[in-house]
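*Asks:* Below, each chain spelled out in residue letters.
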Amino acid sequence: MNDCLLELQQVSYRYPDGSLGLNDCSLAIRRGSRNVLIGANGAGKTTLFQHANGLLRPQTGIVRYAGGAVDYGRAGLRQLRSRVGLVFQNPDRQLFSASVAEDVSFGPLNLGLDTASVRRRVADALQAVGMGEFGGRPVHNLSFGQKKRVCIAGVLAMQPELLILDEPMAGLDHTMQQELLAVLDKLHGRGITLLLATHDIDFAYRWAERIHLMAAGRCTATLAAGELGSHGAELAAVGLPLPEIITLQRALAGHGLLSAGARPRCAADLLAALNQTKESPCQFALI
Amino acid sequence: MNDCLLELQQVSYRYPDGSLGLNDCSLAIRRGSRNVLIGANGAGKTTLFQHANGLLRPQTGIVRYAGGAVDYGRAGLRQLRSRVGLVFQNPDRQLFSASVAEDVSFGPLNLGLDTASVRRRVADALQAVGMGEFGGRPVHNLSFGQKKRVCIAGVLAMQPELLILDEPMAGLDHTMQQELLAVLDKLHGRGITLLLATHDIDFAYRWAERIHLMAAGRCTATLAAGELGSHGAELAAVGLPLPEIITLQRALAGHGLLSAGARPRCAADLLAALNQTKESPCQFALI
Amino acid sequence: MHIMEGFLPFSHAVGWTLAATPFVAGGLLTIRQRIRARPEQRMLLGVAAAFAFVLSALKLPSVTGSCSHPTGTGLGALLFGPAAMAPIGAVVLLFQALLLAHGGLTTLGANIFSMAVVGPFAAAGVFKLARSLKASFALSIFLAASLADLLTYVTTSAQLAWAFPDPAGGFIASFAKFAGIFALTQIPLAISEGLLTVVIFNALARF
Amino acid sequence: MLIEQAAYANHWRTISPAAKGLFAAAGFVAVFAAGRPLTAALVAGGLALLTVFGAGIPAARYLRVAAPALFFLALGSLSLVFSLDVSAGAPHWHLAPGGLAQLAETGSRSLGALAALLFLVLTTPLSDLIGLLRHLKTPELLLDIMVLCYRTLFVFSAAVHDTLTAQSARLGYATPRLALRSLGQLAANLTLQVWQRAAALHVAAQARNNDGPLRFLAPDFADSRHHCVLAGLAGLALIGLAVSLR
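Residue numbers (the numbering used here), protein chains in the order written: chain R, 1 to 287; chain B, 1 to 287; chain U, 1 to 207; chain Z, 1 to 246.
Chain R on its own, in the form it takes in the complex (with noise of 0.2 Å):
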């Protein structure tokens, strides 16, 4: 089993109004780590993502997928397509049906099952997304956060391997990033690999193994999230700051009070290292 599951070596696109898409992008994302890409808005971090799952060709360079290059030939993109699953940013673009389980029963059946396995497939996909008593309702009646999760339950139906989620914390309040959250760890759990995009730097360090940095089309670094603090550099480079919690960190550090090895990554675990505990309450644990 190759240990890389998706890679972009030197992919350019440009799109047909001429608008620059990925630029020399090179991306590698391992088999069940979690990944956060994070870059300003248009970066390019939707580009990347479209061609992570064939939707679009690279002009120039080539995406692997477990290690062969993609077929772009009809077999090939539905092969990829079921195991690199996308999630969009605005549910509205992305749910064709009104009433949850249908929506989310669309993706499988294109896949050619059989309808008990599609029942099946369905009400997994809703139990794992925590919307398993939602499947009657119709889409137009849920919130924000409940329409994002149908989406991911959408995707998840087909069993991806790689799921990728374009801005999944946007408009969502503090209780539904929660829930969010805690699907994607369970979802880990079950070793799917995860990549979303961001523009939050704070959260990306909390919750991802490893951190990509994306600017004008291209990546620029990818970092282990461990090592941030001392890729200050690189961060400037695309516009971003050190998370908060480096910056206290060190300078709780610089007075003694934590060892100057500790890699807090949320407030909690700060704290927790302040109080001289062992444990991290940090709910995104440590690597």
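Among the clues, some could well be false.
SDA-like cross-link-like pairs, simulated, lysine to any residue; straight-line CA separation at most 20 Å [claimed, not checked]:
1. K59/U to L178/Z
2. K59/U to S157/Z
3. K59/U to D162/Z
4. K59/U to T175/Z
5. K186/B to M176/B
6. K59/U to M1/Z
7. K59/U to L56/B
8. K59/U to L2/Z
9. K186/B to A128/B
10. K59/U to F154/Z
11. K137/Z to P22/U
12. K59/U to A67/Z
13. K59/U to Y173/Z
14. K137/Z to L29/U
15. K59/U to R74/B
16. K59/U to P16/B
17. K137/Z to R225/Z
18. K59/U to H161/Z
19. K186/R to R210/R
20. K137/Z to T21/U
21. K186/B to A123/B
22. K59/U to P68/Z
23. K137/Z to T17/U
24. K128/U to N202/U
25. K59/U to H69/U
26. K137/Z to C228/Z
27. K137/Z to A18/Z
Hints in this document: simulated from the structure, not taken from any laboratory.
For chain R, the structure is supplied; the task is to place chains B, U and Z on it using the hints.
*Replies:* Coordinates of chains B, U and Z only, in the frame set by chain R:
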């Protein structure tokens, strides 16, 4: 001049479909202050805003503006809506013209101003949000953050005294947030009263003078931001944690590193206090 | 103006359904060919139907001060072509019956014929004619939209008159009665709809 | 949308749409087969009572839903009852001979058919009805239009509502002239969205491996066959009653 610009007194409102909007809600906004309205999605923030602007009319209770009860006749509404500017959450839903300048001119034209004044106001408003060069651009080519600023310009062009923004930070990346905050600071400096909805308590604590808590259609408390630390119970009642920075400050005070009376509003503040400097580098100064 | 559920006698209900069916079927064939060439058209038609449904629910300020709803048939015919409007209109009318109880299932055929066949083809025809007579773009749009609206309403009146001829004056007298009663709401509406459609195209031209 | 709300929240929400559709169809047949206005009115009353008490639809809501159709009926009745006389000088109105009989026949038939329609739509969500049409082999393309239309009309309604609100907040509807202009801008903006949304949905469909007609799994209804038999028998009884009371 009345000190209290906008006041809701025991306002209740139920939507035609039976869902609850406001429930015996009272709130007062002081002239010239920076206010945050914080609460979960569905708490009634948007309904409250629509009352402030006369879009909705209380079923019971009363809305006062600058001391007088709102007059819901045509002339009264025209006056209220020119004094209370409302910026909605989703820029795509409130920009409906082809070009930036055309959209910004919508409000002043509706006020019945002559062409020369409208032109001047459009230019001023675009200048104020840092979009002076963008008047001739088509709206759909702008970034999300730019669209948001055009929305604000469209309301500013009506020269309101009170500017209300629904979730202005949602969907903006780090840089755009900084830009937007700079715009808001400038407007506040001109004497415009500001009221923002958010569900981010850390942001509210960093930015606001007064924080209004909202849950289930009711304002449960109005707190001076500086005293937030002693009102953990009120925050918990509406499902909000204490701002992280307060928790940290307390822990550090417990270690004797900070004075117990220190009130840092953001990480930069906290660091400055740690470093024993007296000046606050926090962008959003204390009151 | 939708004929309500059950208002037409059995033979008329069946007759109008049979009359509307070939237009809907023909429209589907046209659409199928378009989709073969451009697959994204499949989504376009469903979204267009939703657009037409929502448009027809808008309150239109009418010149007499009363409020009314636009039919959108003229706008739709000019945007999507009259042939495609038959199936789109059929779905919109079906949904209006099922979601709003406007119109009905037994009168669906008659309503499709007046609103999704006569209206759109009238709009397309009037527009072509007006343009060939060197009328300005705005005037052509106005005429197309308001006459499409008016002809829809004339058709409905004729359908009703045919079903319920006046015992004394026959079809003509009955037509005059139905047309007279509904003229009150329909003529101002036709003018408003014409104006609105011109405003829409003016705005579209600037995008 | 009152019908929509009722359809998702009534006692018979989980009954197979095929059974409800069968019974509603029988209602239509009974109304048209009824020889006398009184019989049709009886069927109408029966269906209305069944919907209000059986399915648990509040009577006030039922009447509000029926109101626009009743308004049409009132206007239409005018021209059935009165006749326009142009023979003797100035045209004048008088009672049409046989007008009241015609009104009774048409009115009772309309009310009966309306009651049958309302029985169906107040108890059955539109997505179930579309599922039923799918089962009845409706052309695929028409179904695609229906499914997308049903979903998207709520998206558009929300967009229209938000934009109307934003325009009102900036005084866009202060006078009728401004209202026409604002509404035109709104509709033009909505028109553009038709293409944008269609393109986005197309991409989203491809991402989920679609390459043709949109396929969805119709929901499963417990005891569907049983309910259909019951509905069929009840429907036959209704038709029998209507015919025997000729």
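*Asks:* Below or equal to 20 Å on CA atoms is what counts here, so check K137/Z against L29/U.
*Replies:* Measuring from Cα to Cα gives roughly 17 Å; hence the hint holds.
*Asks:* Taking 20 Å as the top limit, are the C-alpha atoms of K186/B and A128/B close enough?
*Replies:* Distance of about 8 Å is within 20 Å: holds.
*Asks:* Is it true that the CA of K137/Z sits at most 20 Å from the CA of C228/Z?
*Replies:* holds, 18 Å
*Asks:* Against the 20 Å threshold, does the CA-CA distance of K59/U and L178/Z hold or violate the hint?
*Replies:* holds, 14 Å
*Asks:* Below or equal to 20 Å on CA atoms is what counts here, so check K137/Z against R225/Z.
*Replies:* Holds, at roughly 19 Å.
*Asks:* Regarding the pair K59/U and H161/Z, is the alpha-carbon distance no greater than 20 Å?
*Replies:* OK: K59/U and H161/Z at ~12 Å, within 20 Å.
*Asks:* Is K59/U within 20 Å of H69/U, Cα to Cα?
*Replies:* Measuring from Cα to Cα gives roughly 5 Å; hence the hint holds.
*Asks:* Next pair to validate is K137/Z with P22/U; report whether the Cα-Cα distance is within 20 Å.
*Replies:* holds, 18 Å
*Asks:* Quickly compare the C-alpha distance for K137/Z and A18/Z to 20 Å and report which way the hint goes.
*Replies:* It holds: about 13 Å lies between the C-alpha atoms, which stays within 20 Å.
*Asks:* Does the structure keep K59/U and L56/B at a Cα separation of 20 Å or less?
*Replies:* Holds: K59/U and L56/B sit about 18 Å apart, inside 20 Å.
*Asks:* So if I understand the rule, the pair passes when the alpha-carbon distance is 20 Å or less; does K59/U with Y173/Z pass?
*Replies:* Holds. K59/U to Y173/Z sits at ~12 Å (cutoff 20 Å).
*Asks:* Run the distance test for K137/Z versus T21/U: straight-line Cα separation, threshold 20 Å.
*Replies:* holds, 16 Å
Comparing the model with each numbered hint stated earlier shows that all of them hold.
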